[in-house]
Amino acid sequence: MDSIRPFGQFTDEDLALFGSRLKFRSLKKNDVLLKPGATCQAIWFLQSGSLRHFSVDNNNAETIANLYLEHDWFTEFNSFTLQKPSAYFIQAFEDCEIAELGILELHHLILQKQQFFVLGKLLGVMNYPDFAGTDLSPAGKYEQLMRNKPRLLLKFPLKTLASYLKIAPETLSRVRAKVIS
Numbered sequence: 001m002d003s004i005r006p007f008g009q010f011t012d013e014d015l016a017l018f019g020s021r022l023k024f025r026s027l028k029k030n031d032v033l034l035k036p037g038a039t040c041q042a043i044w045f046l047q048s049g050s051l052r053h054f055s056v057d058n059n060n061a062e063t064i065a066n067l068y069l070e071h072d073w074f075t076e077f078n079s080f081t082l083q084k085p086s087a088y089f090i091q092a093f094e095d096c097e098i099a100e101l102g103i104l105e106l107h108h109l110i111l112q113k114q115q116f117f118v119l120g121k122l123l124g125v126m127n128y129p130d131f132a133g134t135d136l137s138p139a140g141k142y143e144q145l146m147r148n149k150p151r152l153l154l155k156f157p158l159k160t161l162a163s164y165l166k167i168a169p170e171t172l173s174r175v176r177a178k179v180i181s
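Numbering (full-length UniProt numbering), first residue to last: 1 to 181.
It should be emphasised that the hints constitute simulated quantities derived from the structure, not laboratory data. Remember, it's a predicted structure, so these values are computed and weren't measured experimentally. Backbone N, C-alpha and C define an ideal beta-carbon position, used for all residues, glycine too. Don't take each hint at face value.
[Stated by the list, open to error] Quick list of the computed label-pair ranges, beta carbon to beta carbon:
{"no.": "1", "residue 1": "Q83", "residue 2": "Q47", "range": "36 to 44 Å"}
{"no.": "2", "residue 1": "P150", "residue 2": "E100", "range": "24 to 32 Å"}
{"no.": "3", "residue 1": "T171", "residue 2": "P150", "range": "18 to 26 Å"}
[To be verified] As a list, the in silico BS3-like pairs of lysine-lysine whose alpha-carbon atoms are at most 25 Å apart:
{"no.": "4", "residue 1": "K178", "residue 2": "K166"}
{"no.": "5", "residue 1": "K84", "residue 2": "K159"}
{"no.": "6", "residue 1": "K155", "residue 2": "K28"}
{"no.": "7", "residue 1": "K166", "residue 2": "K149"}
{"no.": "8", "residue 1": "K155", "residue 2": "K166"}
{"no.": "9", "residue 1": "K23", "residue 2": "K35"}
{"no.": "10", "residue 1": "K35", "residue 2": "K178"}
{"no.": "11", "residue 1": "K166", "residue 2": "K23"}
{"no.": "12", "residue 1": "K159", "residue 2": "K29"}
{"no.": "13", "residue 1": "K113", "residue 2": "K35"}
{"no.": "14", "residue 1": "K149", "residue 2": "K178"}
{"no.": "15", "residue 1": "K166", "residue 2": "K35"}
{"no.": "16", "residue 1": "K28", "residue 2": "K178"}
{"no.": "17", "residue 1": "K29", "residue 2": "K155"}
{"no.": "18", "residue 1": "K155", "residue 2": "K35"}
{"no.": "19", "residue 1": "K113", "residue 2": "K29"}
{"no.": "20", "residue 1": "K159", "residue 2": "K149"}
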């Protein structure tokens with residue numbers, strides 16, 4: 001599992017130990033990995049496919065919290081770290097293959113080798129979109145998305161991207177038209 005190398009000094013033995021704690025799953029398009037009311041018990045690595053992380057309000061309107069592509073680590077941060085029920089769905093946008101590290105497996109790894117404690121850094125980077133908490137304009141958000149996660153633009157429809165960027169679909173259409181011209 002070379003995907004954890006950037007987060008610490010891991011030997012090949014460490015990586016083998018880490019890999020031994022993973023479970024592998026397949027999801028079909030629209031399968032729900034986590035739903036509101038359930039407590040998140042794992043962090044995941046997306047080997048292939050794409051997912052969306054979203055909430056649904058009382059009017060059945062969806063708000064995208066995050067979008068994930070191949071080679072992303074992800075979780076429902078607040079539910080996982082606080083062990084409280086989630087307010088979000090995590091759903092396959094297309095067929096996916098994922099690796100799962102359960103919370104108990106993570107604790108066992110940390111008990112076995114202290115350097116696995118740095119995996120907490122993983123939770124920090126997987127958590128929020130790059131523009132979250134910023135005062136970027138719609139054009140600024142789109143430009144940042146083009147710079148940092150251009151593959152999202154190829155994978156997800158405009159309405160989903162607009163929700164992710166927290167702007168109206170019409171605004172995103174105008175911004176895209178200006179950037180392209």
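Given hint K166 paired with K155 - CA-CA distance at most 25 Å: 18 Å, holds
K29 paired with K155 [C-alpha distance capped at 25 Å]: The hint holds at about 14 Å.
Keeping to a limit of 25 Å between CA atoms, is the pair of K113 and K35 held or broken? 32 Å, violated
If you draw a straight line from the CA of K113 to the CA of K29, is it 25 Å or shorter? 37 Å, violated
Given pair status - K23, K166, alpha carbons within 25 Å: Violated, because 34 Å separates the two Cα atoms, which is more than 25 Å.
Please test the hint of 24 to 32 Å on the beta carbon pair from P150 and E100. This hint holds: roughly 27 Å between Cβ atoms.
K28 paired with K178 [C-alpha distance capped at 25 Å]: Given pair K28, K178 is violated - Cα atoms ~36 Å apart, limit 25 Å.
Pair hint outcome, K159 versus K149 [Cα-Cα no greater than 25 Å]: 17 Å, holds
At the C-beta level, are T171 and P150 separated by a distance inside 18 to 26 Å? 19 Å, holds
Going straight from one Cα to the other, do K35 and K178 come out at no more than 25 Å? 37 Å, violated
Distance restraint between K84 and K159, which requires alpha-carbon spacing of 25 Å or less: At roughly 30 Å apart (the allowed maximum being 25 Å), K159 and K84 break the hint.
With the threshold set at 25 Å, check whether the alpha-carbon distance from K149 to K178 stays at or below it. This hinted pair holds, its Cα atoms lying about 19 Å apart.
Violated hints for the displayed structure, listed by number in ascending order: 1, 5, 10, 11, 13, 16, 19.
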